[in-house]
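Once you have looked at the hints, place chain B on chain A.
Going line by line, the protein sequences match chains A and B.
Counting with our numbering, you get residues 592 to 783 for the letters of the first sequence.
Counting with our numbering, you get residues 25 to 613 for the letters of the second sequence.
These are calculated hints, taken from the structure and not from any lab test.
Ideal Cβ placement from N, Cα and C applies to all residues, glycine included.
It is possible that some hints are incorrect.
[What the hints assert, rightly or not] Derived DSSO-like pairs: lysine-lysine, alpha-carbon spacing no greater than 30 Å straight-line: (1) A:Lys701 <-> A:Lys689; (2) A:Lys714 <-> B:Lys353; (3) A:Lys720 <-> B:Lys356; (4) B:Lys26 <-> A:Lys650; (5) B:Lys515 <-> B:Lys501; (6) B:Lys347 <-> B:Lys248; (7) A:Lys757 <-> B:Lys26; (8) B:Lys515 <-> A:Lys701; (9) A:Lys757 <-> A:Lys680; (10) A:Lys701 <-> B:Lys379; (11) B:Lys379 <-> B:Lys558; (12) B:Lys453 <-> B:Lys492; (13) B:Lys588 <-> A:Lys689.
[To be verified] A few chain A positions that, by computed beta-carbon distances, are all more than 12 Å from chain B: (14) Ser718; (15) Glu769; (16) Arg780; (17) Leu782.
Chain by chain, the residues run as shown.
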Amino acid sequence: MNSVKNVLIVGVGGQGVLLASEILSSVAIQAGLDAKKSEVHGMSQRGGVVSSHIRFGGKVHSPLIRQGAVDVLLAFEEAEALRWTHFLKDDGVVIVNKYQLVPPIVVTQKLHYPENPVADIQKNVSSVKSIDADGVARDIGNPRLVNTILLGVLSTALDIDTGVWKEVIQARVPKGTEEMNLTAFEQGRSLG
Amino acid sequence: MKEILSGNEAIARGCYEYGVHVATAYPGTPSTEILENVARYPEIYKEWCPNEKVAMEVAIGATFEGARSLVAMKHVGVNVAADPFMSVSLIGAPGGFIIVSADDPGMHSSQNEQDNRYYAKFAGYPCFEPADSQEAKDFVGKALEISTAYDVPVLMRMTTRVCHGKGVVSLSDRKEYDIKGFERDPKRFVVLPAHARALHVKASQRLERLKQASEDISINRLEKGSMNVGVITNGIAYQYVKEVLPDANILKLGMSYPLPMNKIRELASRVDKLFIVEELEPFIEEMIKAQGIACEGMKYWSNLGELTPDIVAEGFYNAGVLKEKVAYKEQKNVIPRPPIFCPGCPHRGLFYNLKKLNAVVTTDIGCYTLGALPPLAAGDTCVEMGASIGVGVGMAKARGTGKGIVATIGDSTFLHSGMTGLLNAVNDKSGITVVIADNRITAMTGGQFHPGTGETLSGAEGTEVDLKTICQALGVKHIREVDTYDLEETKEALKEEMEREELSVIITTRPCALFPPSIRKVVKQTPFTVDLDKCIGCKTCFKVSCPAIGVTEEKTEKGLNKSKIDPALCTGCSVCAQVCPVNAIVPLK
Numbered sequence: 592m593n594s595v596k597n598v599l600i601v602g603v604g605g606q607g608v609l610l611a612s613e614i615l616s617s618v619a620i621q622a623g624l625d626a627k628k629s630e631v632h633g634m635s636q637r638g639g640v641v642s643s644h645i646r647f648g649g650k651v652h653s654p655l656i657r658q659g660a661v662d663v664l665l666a667f668e669e670a671e672a673l674r675w676t677h678f679l680k681d682d683g684v685v686i687v688n689k690y691q692l693v694p695p696i697v698v699t700q701k702l703h704y705p706e707n708p709v710a711d712i713q714k715n716v717s718s719v720k721s722i723d724a725d726g727v728a729r730d731i732g733n734p735r736l737v738n739t740i741l742l743g744v745l746s747t748a749l750d751i752d753t754g755v756w757k758e759v760i761q762a763r764v765p766k767g768t769e770e771m772n773l774t775a776f777e778q779g780r781s782l783g
Numbered sequence: 025m026k027e028i029l030s031g032n033e034a035i036a037r038g039c040y041e042y043g044v045h046v047a048t049a050y051p052g053t054p055s056t057e058i059l060e061n062v063a064r065y066p067e068i069y070k071e072w073c074p075n076e077k078v079a080m081e082v083a084i085g086a087t088f089e090g091a092r093s094l095v096a097m098k099h100v101g102v103n104v105a106a107d108p109f110m111s112v113s114l115i116g117a118p119g120g121f122i123i124v125s126a127d128d129p130g131m132h133s134s135q136n137e138q139d140n141r142y143y144a145k146f147a148g149y150p151c152f153e154p155a156d157s158q159e160a161k162d163f164v165g166k167a168l169e170i171s172t173a174y175d176v177p178v179l180m181r182m183t184t185r186v187c188h189g190k191g192v193v194s195l196s197d198r199k200e201y202d203i204k205g206f207e208r209d210p211k212r213f214v215v216l217p218a219h220a221r222a223l224h225v226k227a228s229q230r231l232e233r234l235k236q237a238s239e240d241i242s243i244n245r246l247e248k249g250s251m252n253v254g255v256i257t258n259g260i261a262y263q264y265v266k267e268v269l270p271d272a273n274i275l276k277l278g279m280s281y282p283l284p285m286n287k288i289r290e291l292a293s294r295v296d297k298l299f300i301v302e303e304l305e306p307f308i309e310e311m312i313k314a315q316g317i318a319c320e321g322m323k324y325w326s327n328l329g330e331l332t333p334d335i336v337a338e339g340f341y342n343a344g345v346l347k348e349k350v351a352y353k354e355q356k357n358v359i360p361r362p363p364i365f366c367p368g369c370p371h372r373g374l375f376y377n378l379k380k381l382n383a384v385v386t387t388d389i390g391c392y393t394l395g396a397l398p399p400l401a402a403g404d405t406c407v408e409m410g411a412s413i414g415v416g417v418g419m420a421k422a423r424g425t426g427k428g429i430v431a432t433i434g435d436s437t438f439l440h441s442g443m444t445g446l447l448n449a450v451n452d453k454s455g456i457t458v459v460i461a462d463n464r465i466t467a468m469t470g471g472q473f474h475p476g477t478g479e480t481l482s483g484a485e486g487t488e489v490d491l492k493t494i495c496q497a498l499g500v501k502h503i504r505e506v507d508t509y510d511l512e513e514t515k516e517a518l519k520e521e522m523e524r525e526e527l528s529v530i531i532t533t534r535p536c537a538l539f540p541p542s543i544r545k546v547v548k549q550t551p552f553t554v555d556l557d558k559c560i561g562c563k564t565c566f567k568v569s570c571p572a573i574g575v576t577e578e579k580t581e582k583g584l585n586k587s588k589i590d591p592a593l594c595t596g597c598s599v600c601a602q603v604c605p606v607n608a609i610v611p612l613k
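So here's chain A without its partners, still in its complex pose (with noise of 0.2 Å):
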């Protein structure tokens, strides 16, 4: 592969933005690719903006995707989806995650958050995937599965061998959980 791949994964701080952005690029260089990830720590963790930038191929230079070059858009709140899609290419994929977090500052500067956030982003892109993944990670019996359903889902869009996911999963998720996030993870793969 000598192209690079662009992957953005947003977020709100807290909800496992940066350990999802910590899976994707551990799977890339086991799979022999060379990867860049970007983010910023800090004020972000506390309930803020959460945004890391993946990219892996060839050889990668800046860690920071170009505007309008983003292959995948992997949004874990739907407000957070649209503050980023004009990061995307024209042929650019979004899976968002079918969840609301409206911000306090929202409610008490009577502020609107999107009416419809996904329809928006669907009037310029093309492939939006939204996915319940809440729903399904309460059906496998525990609320925390979320992230490795919405990376199950990010493996269809890239061109990664899935042994390669599983392993890396296999070995960043607490001991003890490995079979339920493999579940998981196979279940994100079918909504793909």
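Just chain B, lined up with the frame of chain A:
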């Protein structure tokens, strides 16, 4: 072996591989993870110091003893440590010494975006600027080579994107170096004026030799390209240039001070146009222009904020080098999402009441700075670490009374540089109120230990210093403690102390909810829930600005959405329940 590491993890790995003996720091974004990761290596002695000045001095002492030492801090930390930073220039670094300055272009988590390469020039130190994680690790070795060979501290200037960006790094084993031991030499180590004058001459000669080193060092390398354009660049900017203009002739500066002027002249003579692409100030550009070499930098790029590949491309478009204009797309329908206090944060009850009491709040640096943001909106000034008390005293002196002025300062910030301000307030009989928001940890940067935590990075038992005793020793007469989970108690205490003519200190006692220190066990409390039959949709609970509180689809008769609480996030602090006018927030059964 290869691993994906952040720039900070790579610096820590470099410390391990290149035989660093002593590493110190005061936490500060984006530098914090350096020491956190040094902690993985038992071969290295490490400590969180109360502030950057102390951290710098400890590392200086270690290099005087002949040990390889490193100190890490954020860019503004170098201001705190500027005195030892400048003074040790004349003495040198017998064992090898690296000062890591993690700059924050774009101010992701800082009060300014000063460019600390000027500090390297100020003190006459070599400035190293890694452009990715592999270089961050390798440069630790190179910097120590230069440091020991030229008897000079090296400034390793990182930036947020290099610190927190991750890339593939090849790992090696540790190489051990002997600690040579301190060699007594007062003419060198005691910087009395008579000694310092002679040392200054030597330091000046050292800088001349470093100029040659900059010509010879492999990390200042020319990458030839097919274009007739030359680009001189450094750090993360190099990666962006490689991305948008890969065919240019690129002089990549791993060592950006002193500059390799011969290499630069050579490049200038080979190309039609020469550009300087650097983040923040025209540090390199000005030095090159001062030599009469034609080049452009700030004409096409700005000294404000951080660069991105798009901004670099835009500059080259404006300069006529790139033909394609950067097509920015518009962001639509975006809501603000500022960072807020965590669920169960002990600062919530404090700032909620300060706002209610309309206090003039001189605040400080830490999580609690977020108390200045709406809806809590209690925070009128914030300058730098430790400023709250001094600024409050100054305002009080100028207005003739300290009544109503409250200086808020965290425990870690108080120990960092608030104690001297309080001593001054006692001595000058200021009448302000000081609130030490004591959560027993350095929380904003991710829960690092300080002398009040009772734990240390090296694993040795800490001191668990008592702030009340410190305040008493400094001469404060009126000291009281409050539990900020109790809004009424907190309000009463603040009200009384704000009306008092004399100086008083209030210490809040709840530990951090996110990083509870082990010495103060946090008992998991029952989460709260909203009784939807009682909720009138007034949204008063939103005024405490808690991430656990949200809106439901269910509406009141007046059409107002009712509130809900996420039981997974709620810590049961009860602050929202205390502000609900209809007692609709109750413990979850």
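Structure versus earlier hints, numbers of those that do not hold, lowest first: Failing hints: none at all.
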